[in-house]
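Here is how the chains run, residue by residue.
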Amino acid sequence: MPSNLDDYRGVCVFIEQARDKIASVAFELLGEGRKLADKLQVPLSGILLGDNNIRALAGDVIAHGADIVYLIDDPQLKDYTTSAYLAGSLQIVNRYKPEILLLGATTMGRDLGGALATRLATGLTADCTGLDIEEGSRNLKQTRPAFGGNIMATIMTKRHRPQMSTVRPRVMRALVPDPSRQGKVIEEKMPAFDMTARVIDFICQVKTDAPLEDAEIIVSGGKGVGGAKNFAILKELADVLGGVVGGSRKAADAGWVPVSSQVGQTGKTVRPKIYFACGISGAIQHLVGMQTSDVIVAINTDKEAPIFKVATYSIVGDLLQVVPMFTRIFKKRLGTPE
Amino acid sequence: MIENKFDAIVVGAGPAGTSAALVMAQSGLNVALVERGDFPGSKNVMGGQIYSKSLNEIVPEFWKEAPLERVVAEKRFWFLSKDSKVSVAHKTPKFAQPPYNSCTVLRAKFDKWFVGKAIEKGAFYIPETLVEDVIRDNKGRIIGVKTGRAEGELYAPVVVAADGVNSLLSKAAGFHPELSPENVALAVKEIIAMPRNRIQDLFDLEGEQGCTIEIAGEITKGMVGVGFIYTNKTTLSVGVGCILSDWVNYKMSPYDLIEEMKNHPVVKPLLEGGQIREYLAHLIPEGGYNAMPLLVSDGFLVAGDAGMMVNGLHQEGSNLAMTSGKMAAETIIEAHKKGDFSARCLSLYKRKLDESYVIKDLKKYRNSYAYLEGNRQLLTTYPEIINNAATEFLTVDGVPKWEKQKKIFRSTLKKRNLWGLIKDAYSAWRAFG
Amino acid sequence: MKLEDKLFLDRYVVDNIPHLKIKDPSVCTMCVKKQCLYTCPAQVYKEEEGKIVVSYEGCVECGTCRIICSENLEWKYPRGGFGISYKFG
Amino acid sequence: MKIVVCIKQVPDTTDVKIDPVTNTLVREGVPSIPNPYDMHALEMALQIKDKYGADVIAVSMGPPQAIDVLKKAVSLGADEAILLTDRVFAGADTWATSYALAGAIAKLNPDLVMCGKQAIDGDTAQVGPGIATRLGLTQLTYVVNFKNVDVEKKEIVVERKLEEGPETVAARLPALLTVLKEANEIRYASLPNLIKSVKLEPQVWDNKVLGLDPDLLGLKGSPTQVVKIFSPPLREGGKLISASEEEIVKIVDQLMPQIRSEASCAI
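Residue numbers (UniProt numbering), protein chains in the order written: chain A, 1 to 338; chain B, 1 to 433; chain C, 1 to 89; chain D, 1 to 267.
If you are wondering where the hints come from, they were derived from the structure by calculation, not from laboratory data.
The reader is advised that the hints may include incorrect statements.
[Unchecked claim] Taking lysine to aspartate or glutamate and the EDC-like style, the derived pairs with C-alpha atoms no more than 16 Å apart in a straight line are:
| hint | chain 1 | residue 1 | chain 2 | residue 2 |
| --- | --- | --- | --- | --- |
| 1 | C | Lys21 | A | Glu304 |
| 2 | C | Lys2 | A | Glu304 |
| 3 | B | Lys171 | C | Glu47 |
| 4 | C | Lys76 | B | Glu178 |
| 5 | B | Lys407 | B | Glu392 |
| 6 | D | Lys2 | D | Asp123 |
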């Protein structure tokens, strides 16, 4: 049953936060949402759910481009659970009827998005990498990879509102925050709902043990690293970038990295934002496991190394010199203390 | 009913095994067909022709439903020198009419269909299961097989080993010796995609008709072997195979040789614009009659490639496989009637094979490979001689034809003396004639 | 097209249990001919720092290596359902 | 305990390409396989069965050939199999798919529903949450481990894997879990189970059995439409760069926007 499309207006972003900290994907979506809202000449809003200090975050949402922040502050929203967050966001969307609703394609965004779209009886396009407004209509064109990245598809939700997307993190650009931006904060009450799950434990492991498959930055080493000791150089770069260390089959066979860190056909398939391939020649077994990385930086002394055929940046040189150079320059840019 | 007891177990769902299972099932036997591949055909490679006669006896009028690529209406033979070819071709309307002579197929599709037919007739197909060994009773008779799965025993009074050239099963059973590098060929092949109309044009084909090209000479660098190009609907099967001991001794890599063959000035234009879709490699049992293993023992029969039943010279294998599979089945059907699965009773299989083209042909060509290996000039010098002769004879340059003939004869004698030519002709007739 | 790229076109259901194993690597070190390096149609065997490395994942299960090196190679088929899976054949 | 496992038949996506001429999907020779994530969900269901005892029912929606994935499930140890097949189901997006599946699952009234995290063809991760929402099941996505299942108390404790680390959640049954690949290693079928699967004739349910609103099923009931497909831009190797400080600085500057300035959990 198509919804009455004209009742819906505005672009809205679900502001993902955990433990009083806004996820960077939310700022990226505000940046993209701003563009879409300007094209449609409608306001951009954010849905901010949480407890306790949540109000303090509203200003940041506005500074990043929102005109309105819908906010619910409730102790039941302390931890993310589907039932609580679904109830809260549903109430806001039903009341304020945005025509576009964006969420991050994160575990939280995808958990909530699927539930929310079902309840709203509308379409949801997952893991988008491109958004645009169709000329002539107000429809949202949502572009996403499918079939493991072998094809791209553009998807539209023409007869239902809101048009919902989850958007892959670190594809969109956040705006430079402007603390002087003005916006409205509208507070809502938490509706009654049935709480079916509770979080009983959470262990923060970002730095120590981000699993390889989910890592956004991977610094991987192969035979050219030359020994377990030299992996320290790779680890240092990984630490600076908040990434993890991986290895080719040769590195794993030699015991330089644990087998669980092996990338490739018999190891893990990874799709990080940036993949550093240090001293990896690029045997096909390895390429299969990493070639869909967004950016590949390959460092190898051999000009003919097959890895260079898939690399975004093909650096011919000794990794023992090049990797520390990267570490030093990134540190400088990131303001990491020496 | 006990789940793991059958009237017969067939190991390997290729042409031999599937034929055996189908024929047995058709006559009402409860037969298990065990295949290790992901799906039937997923492990199977051949140049790409099936021969109608043998298949038609198993699935009458198969061409009405089998996933065939093209009907082979023309057979071409090329003799290549470094940059030239002499071509012999035979085309006849007989080949292009049912029941046809041969058809090109892609095994992944064909075998799936063929196994489907066996299932239709009542064969019990067990997929994705590797048979590792035979099970014997206390008298040493084979009464079943052990698979690579938990609780993996299957029982039947008779087992057909149709598990292909490597036949690890008959080795495990202890009566197939390890193959020697002289007795197998290693072939590599590529599936090259090409639009249909381009194939029609390049190969001069009508409608659903196709052709096969066997290529001898320069491309095998003196190794005993042959190249081939077969036309499929929208792909070509292109490959080259040589005796394994030659690959070893000539220190040649198959993947290099197929590239060189594809880049031969005569071959290259036919492949222009094609896209490689798949790369394959397989062994072909070329040992012939002299290298055939024992085919029968108590409760055990060997069929198809596992029994070395390939006529390499004529590029035949799938037909021998199907016929041997069928004969194994007929033998087992008889054995079931008698309730006797002893080697003596099952030796009917051997007699059937002996009386058929299978053994007759294999016997006829028993010495052909040894002959080629001892007479490599046939693979190197001769293609060069005939190409030179053809070039000379067909060049219009004002030289009288009789003088040309003399010149050809003289240059031929330079490469091989008269006595050598006469000897070659005689011994070749003995080996192949 | 290079062999590596061709093998990439093939479909494999990779088993995490290797089906090819060199029995005694020291025999390979002393092997003069090293036929496995050039006859294997899938280049499963490569020499690195004097050692033979076996990339069983790319094996097409033809059996060539088994025949030319029957003494020092433990050669099995992959478990049923695994290994090369030709789409055309 | 009754556990329903949803299994989708998918093309082995590594082989799916776009024909540059016709701009359609090339699926010739592309084999169909059970969605790998779903197999890990099945394995988890079987492990729960091994530990607590359960009836595991595999459900797949698709064309008649989808029976293959149900056979696979039975070969690994599923007790029953149901194939949802009907032309009106065809062409469904995730919304319409979860409508049909939820309709079938409602008839089975399970304690647990298990799905893979996502299917490898669509990668949407939406059908699981869709089913849970429609049936009012507790939704537990990104599960890597189950710690306790107590049917009497109607409680399950699982470990979910979030970006920042593992989270343990206690939830009320009935619940729906979506499972990650790293949750387990898939077992290798025993021969008796394999033979059982070969003989399997699954229950086949069409919409006459389900009695769902045809306007909400299949293509017709799908809010989203694919308006265009195209090949992703080809990845081409960059040209070779020398390892000078100047070049590396250039690369770092281009990479900077991709890098998080902070990499920690706020606690």
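Now the hints, each set against the structure:
The hinted pair formed by lysine 21 (chain C) and glutamate 304 (chain A) fails the criterion: a straight-line CA distance of about 30 Å is larger than 16 Å. As the CA atoms of lysine 2 (chain C) and glutamate 304 (chain A) are separated by approximately 13 Å, the hinted pair is consistent with the 16 Å bound. Simply put, lysine 171 (chain B) and glutamate 47 (chain C) have alpha-carbon atoms about 30 Å apart, too far for the 16 Å limit, and the pair is violated. Taking the CA atoms of lysine 76 (chain C) and glutamate 178 (chain B), the gap is near 14 Å; set against the 16 Å cutoff, the hint holds.
At roughly 8 Å between alpha-carbon atoms, lysine 407 (chain B) and glutamate 392 (chain B) fall within 16 Å of each other, so this suggested pair holds. Simply put, lysine 2 (chain D) and aspartate 123 (chain D) have alpha-carbon atoms about 27 Å apart, too far for the 16 Å limit, and the pair is violated.
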